[in-house]
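Asks: Place chain B on chain A using the hints.
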Amino acid sequence: MVKANQQTNRPLLETKDVVKHYPITGGVFLRQIASVKAVDGVTLNILPGETLGLVGESGCGKSTLGRLILRLEEPTSGDILFQGESILGYEPKQMRALRQEMQIIFQDPFSSLNPRKNVSHIVGEPLYVHGMTNRHERENRVLELLEVVGLKREHMRRYPHQFSGGQRQRIGVARALALNPKLIICDEAVSALDVSIRGQVINLLQDLQEEFGLTYLFISHDLSVVEHISDRVAVMYLGKLAEVADSETLYKIPLHPYTQALLAAAPVPDPKRKRKRIVLYGDVPSPIDPPPGCRFHTRCPFAKEFCKQQEPPLREVRPDHLAACHFVDSPEINPS
Amino acid sequence: MDTGRLLDIRNLKTYFDVRGGVLKAVDDVSFTMEAGETLGLVGESGCGKSVTAASIMRLVPIPPGRIAGGQIIFDGIDILKLPSSEMRKVRGRMVSMIFQEPMTSLNPVFTVGDQVAEVIQLHEKLSQREIRKRVIEAFRLVRIPAPESRINEYPHQMSGGMRQRVMIAMALVCHPKLMIADEPTTALDVTIQAQILELMNRLKEETGASILFITHDLGVIAEMAQRVAVMYAGKIVEAADADTLFSDPKHPYTNGLMSSIPVLGMGKKQRRLNTIAGVVPSLFKLSEGCLFNERCTVAMKECSHVEPPMIELGNNHIVRCHKYG
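Here the protein sequences come in this chain order: A and B.
Last residue of the first sequence? That's 336 in the numbering used here, and every number before it is there in order.
Last residue of the second sequence? That's 1325 in the numbering used here, and every number before it is there in order.
One chain only, chain B, in its complex shape:
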């Protein structure tokens, strides 16, 4: 079973049984992560990136959700087969998660120090004093000034950036091997976002943890990730090293995404933005062939009825498109 990799997701299928049919939120997703690597997962709303993260944490509500197939092998163990009591030991300790909304993901009636301490209490047998020491240490690690007094504050007393630091401290405090960051800076202002991104990069070097970085923002991905996977309608359509993906995107969807964002420093030279026509398909009535078919500018005949396989282009670059078949 051991592949030597930190995370190996094979053919993961997470479906939701809802009124009106089966919603294939994640459909046949495979990817791997090495230790110490940052993998960026990009895509638009509803493409399944957050459900992929929730599947790894086993936080998909069952029912209506269900894992319809596939394996998630983390550090040699298939976590989909773990009983929930064992899974609780993995969560927070081996894999932890940083959520988007620092305003709503902290409990307003407990001090931030207590909330970070809870993670340690769950996983390690330590005295109150040692726990306090660890919490302060974690706060210092995420550069919260005056940690001794700030651990006694409530979330509403902190700014958005500080709250996100608390979230990161909580995710880090048990030294997990993998941190999943789901849009961690989307709710923050640019200058605060820059602080948090810098912090995460520095922490990664200090702790050696891998980061699965989920975002819709290509700019943030470019700054954070070594490898990038692009998701569309529940599937990965392209994955490559960040440098390759940004300089030489192959999939028409990736191409479209890249050219539909105005790039800072280009001015009004780019008079019109290229756009991707149409909208993301409904996950209920997915077509037979390529899911991007209807919006694709280079679609061919077979695209409407044959699903394109994942094609290896070499140099770690994979793409799901008939054009390269």
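This is chain A alone, in the form it adopts within the complex:
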């Protein structure tokens, strides 16, 4: 059953020009005076059985995109399709049924588990909500899930505070797996963990993917973890996609200047490897008032006058390699 439906190349999930603006109100009558453009037109496909990595700096909208996909937030415009069907028009009841198929693992294993419920309750709750009301049946399934994520029978009656960070994240994984979902959104799922524990959880996620044919949207700011786990990677900057390609290509031949800078900035644990540094000056501009034209032009070392006026579309520069840059083919940026 491993990646069984990969041949049918229909995406499991598609986002079509998804936009999320959060209004900022002010003045005496609390009228909308501006908006935070968290996600500003993202079109992305996730294929069944693959891991799509989504990287970007804080505030680029990657987590918002994850929440939009689950409809934990309503998009301002655009469309989201799950298995070819638009889910934005779904009634709450249909939506609840759909949530069996899509689950999320949160970043912080300390705040995403209810401290007053024991593990059996936490992992069993989605089962209960979705109709498994027989307690005995539910406990059996919980036990099965705990085993899958590497926890033991005696852990079932314990409370979150009795576990270490890595174990807590395993509980979060078990909860996400409870309903046999097709898609799991991992929102910085390993970022809060220590190095030696992080490896264990990454391996667990990969094993589970193989065993259950899962599809992951892996949201992270950690470039090396994303490279390790992803088949394809999308890079986000200020609410827009900058580049999308398969993982190997993206890390070997990044085309967009932002991706290049991001990769150059990531520290590598090898003191002898002195790389050419592309240090980006300045900070990420505010998403309330993003720069006109190309959003990266304020920090781009190659920016030209044209970049300030015209917004570059995300286009297929090479086969299956998309980038949003006007001058992606100029020898200055990408010497061939």
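Everything labelled a hint here was simulated from the structure, so no lab data went into it.
Be careful, since some hints might not be right.
Said to hold, decoys possible - Only pairs whose alpha carbons sit at most 20 Å apart, straight line, appear in this in silico SDA-like list of lysine to any residue:
1. Lys272/A / Ala1277/B
2. Lys252/A / Val1263/B
3. Lys272/A / Glu1037/B
4. Lys272/A / Pro1281/B
5. Lys152/A / Val1280/B
6. Lys152/A / Val1263/B
7. Lys272/A / Gln1226/B
8. Lys152/A / Lys1204/B
9. Lys272/A / Lys1013/B
10. Lys252/A / Gly1265/B
11. Lys272/A / Val1263/B
12. Lys152/A / Met1266/B
13. Lys272/A / Arg1202/B
14. Lys152/A / Val1279/B
15. Lys272/A / Val1280/B
16. Lys272/A / Asn1201/B
17. Lys272/A / Gly1278/B
18. Lys1204/B / Val279/A
19. Lys272/A / Asp1241/B
20. Lys272/A / Asn1316/B
21. Lys272/A / Val1279/B
22. Lys272/A / His1317/B
Replies: Chain B only, in chain A's frame:
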């Protein structure tokens, strides 16, 4: 007493008396730092690296904390023996500290300029005008654009990277000999982290200050440190020159750490990450022998009951492991 070294920590023990027993946060830690050197202190959460830093600054809350033994000799003086009035003169002037959280370690109700000025007021008798000049100079040093106007801003008006620059300016303004940087870039984005690391490296060359760089990130350590010490459960388990440590790690824990991080540029070739089984031991019930014993893949019989001594491998490389005894 003078060893010619900037910092000489000998057998430092920092314990906490808490309900449930004695928590040995730092247990018999020794290391030295030369002037102008950057020493990296790595380890996972709870290994005692931040408590080591707090001990040097004498910022360990007493009680519940106490220094149970050892010496910290800074520039020839044992700072553990200094009365607190003298210690106040050392802090900020001789040794300064850069904290992790630029969001919470600045006071939100004072302008950033005033907060940097406070350090100068405490240590030097200067007129308001001269102080202002020094603050602007410090801001310029850490490359804050338009320092004349930015000194009047409040922390919330600045971005995370700028706030961390203010922290560094504050640490630098009295020209200390040693800066302790406790996870200074952990809360920052990669591109901002790259800026701050570059800045710190440049400042070190300009000012000649030594940096004790504390982090959990091996990548950052590789870029910053000349020497690296690895801590585990309150003890230093291995120390060497950065090049040696990364190319030829000896301690099984260091080895495990190195192979459990995915390395950028390796792709999916490394299908599975090596992991270190188990979790960091509780600092309450530490076992008799080697603290890493239970998670170690090459543990021998004596590891469970005999504590391994620090073994010198030559070339400045020390390791606490029976394998090399």
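Asks: Now tell me, hint by hint, if it's right for this structure.
Replies: Going down the list of hints, with the structure as the test:
1. As the CA atoms of Lys272/A and Ala1277/B are separated by approximately 29 Å, the hinted pair breaks the 20 Å bound.
2. Our distance criterion of 20 Å between C-alpha atoms is met by Lys252/A and Val1263/B, whose separation comes to about 13 Å.
3. In summary, the hint linking Lys272/A to Glu1037/B is supported, as the alpha carbons are separated by about 18 Å, within the 20 Å threshold.
4. For the proposed pair Lys272/A and Pro1281/B, the alpha carbon gap of about 33 Å is over 20 Å, so the pair is violated.
5. For the given pair, Lys152/A sits about 19 Å from Val1280/B by alpha-carbon distance, which is consistent with the 20 Å threshold.
6. With a C-alpha separation of about 32 Å, the suggested pair Lys152/A and Val1263/B falls outside the 20 Å cut-off, and the hint is violated.
7. Proposed proximity of Lys272/A and Gln1226/B is supported: the alpha carbons are some 11 Å apart, at most 20 Å.
8. For the hint linking Lys152/A to Lys1204/B, the alpha-carbon distance of about 50 Å lies beyond 20 Å, and the restraint is violated.
9. About 34 Å separates the Cα atoms of Lys272/A and Lys1013/B, which puts this hinted pair outside 20 Å; it is violated.
10. For the proposed pair Lys252/A and Gly1265/B, the alpha carbon gap of about 7 Å is at most 20 Å, so the pair holds.
11. The hinted pair formed by Lys272/A and Val1263/B meets the criterion: a straight-line CA distance of about 14 Å does not exceed 20 Å.
12. The suggested pairing of Lys152/A with Met1266/B is violated, with an alpha-carbon distance near 34 Å, which exceeds 20 Å.
13. Between Lys272/A and Arg1202/B the CA atoms are separated by roughly 19 Å; this keeps the pair inside 20 Å, and the hint holds.
14. About 15 Å separates the Cα atoms of Lys152/A and Val1279/B, which keeps this hinted pair within 20 Å; it holds.
15. This hinted pair does not check out: Lys272/A and Val1280/B have alpha carbons roughly 30 Å apart, beyond 20 Å.
16. At most 20 Å may separate the alpha-carbon atoms for a hinted pair to count; Lys272/A and Asn1201/B meet this at roughly 16 Å.
17. Between the alpha carbons of Lys272/A and Gly1278/B the distance comes to roughly 31 Å, so the proposed pair goes past 20 Å and is violated.
18. Among the hinted pairs, Lys1204/B with Val279/A is consistent with the structure: their alpha-carbon atoms are about 18 Å apart, no more than 20 Å.
19. With a C-alpha separation of about 12 Å, the suggested pair Lys272/A and Asp1241/B falls inside the 20 Å cut-off, and the hint holds.
20. Taken as a hint, the Lys272/A and Asn1316/B pair is honoured in the structure, with Cα atoms around 18 Å apart against an allowance of 20 Å.
21. The straight-line distance between the Cα atoms of Lys272/A and Val1279/B is roughly 31 Å, outside the 20 Å bound, and the hint therefore fails.
22. Proximity of Lys272/A to His1317/B is assessed by CA-CA distance (about 18 Å); at most 20 Å being required, the pair is judged to hold.
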